[in-house]
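What follows is each chain in one-letter form.
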Amino acid sequence: MTAGRAQDGRRLRDVLLGGGPLATHQGPYFGEFGGRFVPEALVAALDELETAYHKALADPAFSDELERLHRTYTGRPSPLTEVPRFARHVGDGVRVFLKREDLNHTGSHKINNVLGQALLVKRMGKKRVIAETGAGQHGVATATAAALLDLDCTIYMGEEDTQRQALNVARMQLLGATVVPVAIGSRTLKDAINEALRDWVANVDTTHYLLGTVTGPHPFPEMVRDFHKVIGDEARAQLLDETGRLPDAVAACVGGGSNAMGIFNAFLDDPEVRLFGFEAGGAGVDSGRHAARFSGGSPGVLQGTRSYLLQDEDGQTLPSHSVSAGLDYPSVGPEHAWLHDIGRAQYRPVTDDEAMDAFRVLCRTEGIIPAIESAHALAGAIQLGREAATWSTDGHEPVVLVNLSGRGDKDVATAAAWFGLIEDEPVVKADEGEQL
Amino acid sequence: MSTTQVRSSTGERLDALATGESPRAALVGYLPVGFPSVPGSARAARTMVEAGVDVVELGMPYSDPVMDGPVIQRAVDHALAQGTRVRDTLRVVEQIADAGAPVLVMTYWNLVLRYGVDAYARDLAAAGGAGLITPDLVPDEAAQWLAAADDHALDRVFLVAPSSTPERLASTVAASRGFVYAASTMGVTGERTTVGDRAEQLVADTRAAGAPRVCVGLGVSRPEQAAQVAAYADGVIVGSALVRALLDAPDESAGLDALATTVGGLAEGVRSARRVAR
Numbered sequence: 001m002t003a004g005r006a007q008d009g010r011r012l013r014d015v016l017l018g019g020g021p022l023a024t025h026q027g028p029y030f031g032e033f034g035g036r037f038v039p040e041a042l043v044a045a046l047d048e049l050e051t052a053y054h055k056a057l058a059d060p061a062f063s064d065e066l067e068r069l070h071r072t073y074t075g076r077p078s079p080l081t082e083v084p085r086f087a088r089h090v091g092d093g094v095r096v097f098l099k100r101e102d103l104n105h106t107g108s109h110k111i112n113n114v115l116g117q118a119l120l121v122k123r124m125g126k127k128r129v130i131a132e133t134g135a136g137q138h139g140v141a142t143a144t145a146a147a148l149l150d151l152d153c154t155i156y157m158g159e160e161d162t163q164r165q166a167l168n169v170a171r172m173q174l175l176g177a178t179v180v181p182v183a184i185g186s187r188t189l190k191d192a193i194n195e196a197l198r199d200w201v202a203n204v205d206t207t208h209y210l211l212g213t214v215t216g217p218h219p220f221p222e223m224v225r226d227f228h229k230v231i232g233d234e235a236r237a238q239l240l241d242e243t244g245r246l247p248d249a250v251a252a253c254v255g256g257g258s259n260a261m262g263i264f265n266a267f268l269d270d271p272e273v274r275l276f277g278f279e280a281g282g283a284g285v286d287s288g289r290h291a292a293r294f295s296g297g298s299p300g301v302l303q304g305t306r307s308y309l310l311q312d313e314d315g316q317t318l319p320s321h322s323v324s325a326g327l328d329y330p331s332v333g334p335e336h337a338w339l340h341d342i343g344r345a346q347y348r349p350v351t352d353d354e355a356m357d358a359f360r361v362l363c364r365t366e367g368i369i370p371a372i373e374s375a376h377a378l379a380g381a382i383q384l385g386r387e388a389a390t391w392s393t394d395g396h397e398p399v400v401l402v403n404l405s406g407r408g409d410k411d412v413a414t415a416a417a418w419f420g421l422i423e424d425e426p427v428v429k430a431d432e433g434e435q436l
Numbered sequence: 001m002s003t004t005q006v007r008s009s010t011g012e013r014l015d016a017l018a019t020g021e022s023p024r025a026a027l028v029g030y031l032p033v034g035f036p037s038v039p040g041s042a043r044a045a046r047t048m049v050e051a052g053v054d055v056v057e058l059g060m061p062y063s064d065p066v067m068d069g070p071v072i073q074r075a076v077d078h079a080l081a082q083g084t085r086v087r088d089t090l091r092v093v094e095q096i097a098d099a100g101a102p103v104l105v106m107t108y109w110n111l112v113l114r115y116g117v118d119a120y121a122r123d124l125a126a127a128g129g130a131g132l133i134t135p136d137l138v139p140d141e142a143a144q145w146l147a148a149a150d151d152h153a154l155d156r157v158f159l160v161a162p163s164s165t166p167e168r169l170a171s172t173v174a175a176s177r178g179f180v181y182a183a184s185t186m187g188v189t190g191e192r193t194t195v196g197d198r199a200e201q202l203v204a205d206t207r208a209a210g211a212p213r214v215c216v217g218l219g220v221s222r223p224e225q226a227a228q229v230a231a232y233a234d235g236v237i238v239g240s241a242l243v244r245a246l247l248d249a250p251d252e253s254a255g256l257d258a259l260a261t262t263v264g265g266l267a268e269g270v271r272s273a274r275r276v277a278r
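Same order as they appear, the protein sequences are chains A and B.
Each residue of the first sequence is one higher than the one before, starting from 1 at the first, in this note's numbering.
Each residue of the second sequence is one higher than the one before, starting from 1 at the first, in this note's numbering.
With the rest of the complex left out, here is chain A (with noise of 0.2 Å):
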């Protein structure tokens, strides 16, 4: 983003909220998009949750709770490492910092708006817990505070999914969770969150639907981002302790968006840090085969919000695609269809194929196996470090910040296949999964 757009960016935050910050704004809307697309029997429950999440903002002993258990049980704050071996492949003379999500307990950024939403079902006297999930990601996260909390848990996963990520399905089993799947519509994770929101319907009085991520309605898109913010005010110390300044972009994938929201949120009243969100190219674009519902979709509404998704011309929801089980969905959170709009974010696409070079070149460099979705983020990286020179830095080395989301042990057997590692095994290309 050059200087100009900046201010544009400012000018147009003006009008928009009258000056004020955009990290603290709240739902229902994000200018025109978010909104509560709901049967009117879950609106009592949207309701009770937020003002369930309104209270606890304000009680500290809520926020103390939550501090301590990601202190104590996911291991935050997780580290900042400067990774000098993959800048190169990134342009000569630009710093990359990775914000390591893929520490944290469970492997990715989901236990944060996991464990926040747990410590809620509490408080609302809650006992079950129901979430959906596609390559197992948010499942197990889910299943894991479950457990720790002793609340009842069932998680909806597309059959397909179940069969291809059945060392997943295991794990949330082991964690005392029960995995059902979804024999209806695509049997991926757009149907079973179908599928949920109607268990949803139907247990309210006694169950919470713990969303993966900052889609759905309100006040989904706000909480959950409230509850991933500590990524990006953590990596934002760590970068001003290491280099003394703020960096000049971050990179982070972009599914439903919550890791993205989670590292843009402290940057985005900074108009001099661009945010660049990657999302799924998949096969390319024009192949149709994608998951880009910023450069290969349009607004609608899909499960609960308004925002960006990929629909025919009657408005019928399309398949997506990625390589990446987590970029797999065809809608975005509704702050991201905003922050697009509005020219405060820029989305672009990532193919498989850049993705998995980019994986390549993260485990060959730093030893760092990451998860594909963030995979998309370092090629993002890479794309970024040709504008770089372009950009004014006063003189200084370009940095860049990497929201490292999760971790890659999850997609060994498709990087194996990808790679060639694994004789006679298919390619796994059409994996669908939960969104990052």
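These are computed hints drawn from the structure, not numbers from a lab.
These figures come from a predicted structure and were not determined experimentally.
All residues carry an ideal CB built from backbone N, CA and C; glycine is no exception.
Some clues are possibly wrong.
Derived, one-sided and incomplete: chain A residues facing chain B with beta-carbon distance under 10 Å [as the list claims (entries may be wrong)]: (1) P28; (2) G31; (3) L42; (4) R76; (5) P79; (6) L80; (7) S186; (8) D191; (9) L197; (10) V201; (11) G300; (12) R306.
Distance ranges between label pairs, derived from CB positions [said to hold, decoys possible]: (13) A:A416 <-> B:S253: 51 to 61 Å; (14) B:T165 <-> A:A237: 35 to 45 Å; (15) A:A170 <-> B:R122: 51 to 61 Å; (16) A:P60 <-> B:R122: 51 to 61 Å.
Got chain A; can you put chain B on it based on the hints?
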């Protein structure tokens, strides 16, 4: 709100039944467009009216029907797989508008948003449709639709649920025209052995909030259930049981026969109800 200035064809039908020689509740029958085929769904809707349905609810097939249970999901999946389009719904409305029953379209909101809210209202009115039932649109998000429905004299059927607070009952009733759809239970569409015991109270509460007409849906599938609900509600809404009649049949003609039989039993149930004075 200027709702009283707009005529409601559904409301007039319900009022006529409630004040006729043998006052009774209406039977509202749901079928999705495109099942078993687009022309087949028009024939099925006509069959339904001839067999005793007073108000038709035509479903627009949608890829993500979160308020529908397995029976309707199966039919809708089939309709979409066959390439059923939004404009097919308008065509079927037009084809059955003269069948003798007001035709409401039941639709998830994105389909109307994509078409254009005002354009859809205009084309639905032109096709002879009576209005919309909107299961995933609450009045809070419906400003465009409220205006378009007034401009094109269409009914706006919103839902209330056992979880609705008195404040929400009041705002939903105020935004509705034609009737208010009371969900008998917390759940999705489908046949159930008993109609939710919160339904009668919900109807009473919704009337107390100012609704002139309240119809009950979700889980009503058998004649005795229809009779039970018809005793206290202005209409009985049946969907999955009718779709099942078509789904289970070996061919279309057998399906239409089964549909007529099912509707006949339900219509009998509605007529046999002992009406509770309002």
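Against the structure, the hints come out as follows:
1. Given hint, P28 (chain A) at the interface with chain B, holds; its Cβ is 9 Å from that chain's nearest Cβ, closer than 10 Å.
2. Interface restraint check: G31 (chain A) against chain B, minimum CB-CB distance 15 Å, threshold 10 Å, status violated.
3. The interface hint given for L42 (chain A) is met, as the beta carbon of that residue sits about 8 Å from the closest beta carbon of chain B, less than 10 Å.
4. Proximity of R76 (chain A) to chain B is violated relative to the hint, the smallest CB-CB distance being about 35 Å (cut-off 10 Å).
5. A hinted interface residue such as P79 (chain A) counts as satisfied when its beta carbon comes closer than 10 Å to some beta carbon of chain B; here the least separation is about 40 Å, so the hint is violated.
6. With 10 Å as the threshold, the beta carbon of L80 (chain A) stays out of range of chain B, its nearest partner Cβ sitting at about 39 Å, so the hint is violated.
7. The interface hint given for S186 (chain A) holds, since its Cβ lies 9 Å from the closest Cβ of chain B, which is under the 10 Å cut-off.
8. Of the supplied interface hints, the one on D191 (chain A) holds, with its beta-carbon coming within about 8 Å of a beta-carbon of chain B, less than 10 Å.
9. Interface hint at L197 (chain A): satisfied, since its Cβ lies 5 Å from the closest Cβ of chain B, which is below the 10 Å cut-off.
10. Restraint check, V201 (chain A) versus chain B: the minimum CB separation of about 6 Å is within 10 Å; hint holds.
11. The interface hint given for G300 (chain A) holds, since its Cβ lies 5 Å from the closest Cβ of chain B, which is under the 10 Å cut-off.
12. For R306 (chain A), the shortest C-beta to C-beta distance to chain B is roughly 8 Å, which falls under 10 Å, so the interface hint holds.
13. Checked against the given bound of 51 to 61 Å, the beta carbons of A416 (chain A) and S253 (chain B), roughly 55 Å apart, stay inside it.
14. In this structure the hint that T165 (chain B) and A237 (chain A) lie 35 to 45 Å apart at CB holds, the actual value being about 43 Å.
15. Separation of A170 (chain A) from R122 (chain B) is about 55 Å and conforms to the stated range, judged on CB atoms against 51 to 61 Å.
16. For the hinted restraint 51 to 61 Å between P60 (chain A) and R122 (chain B), the CB-CB distance of approximately 55 Å keeps it satisfied.
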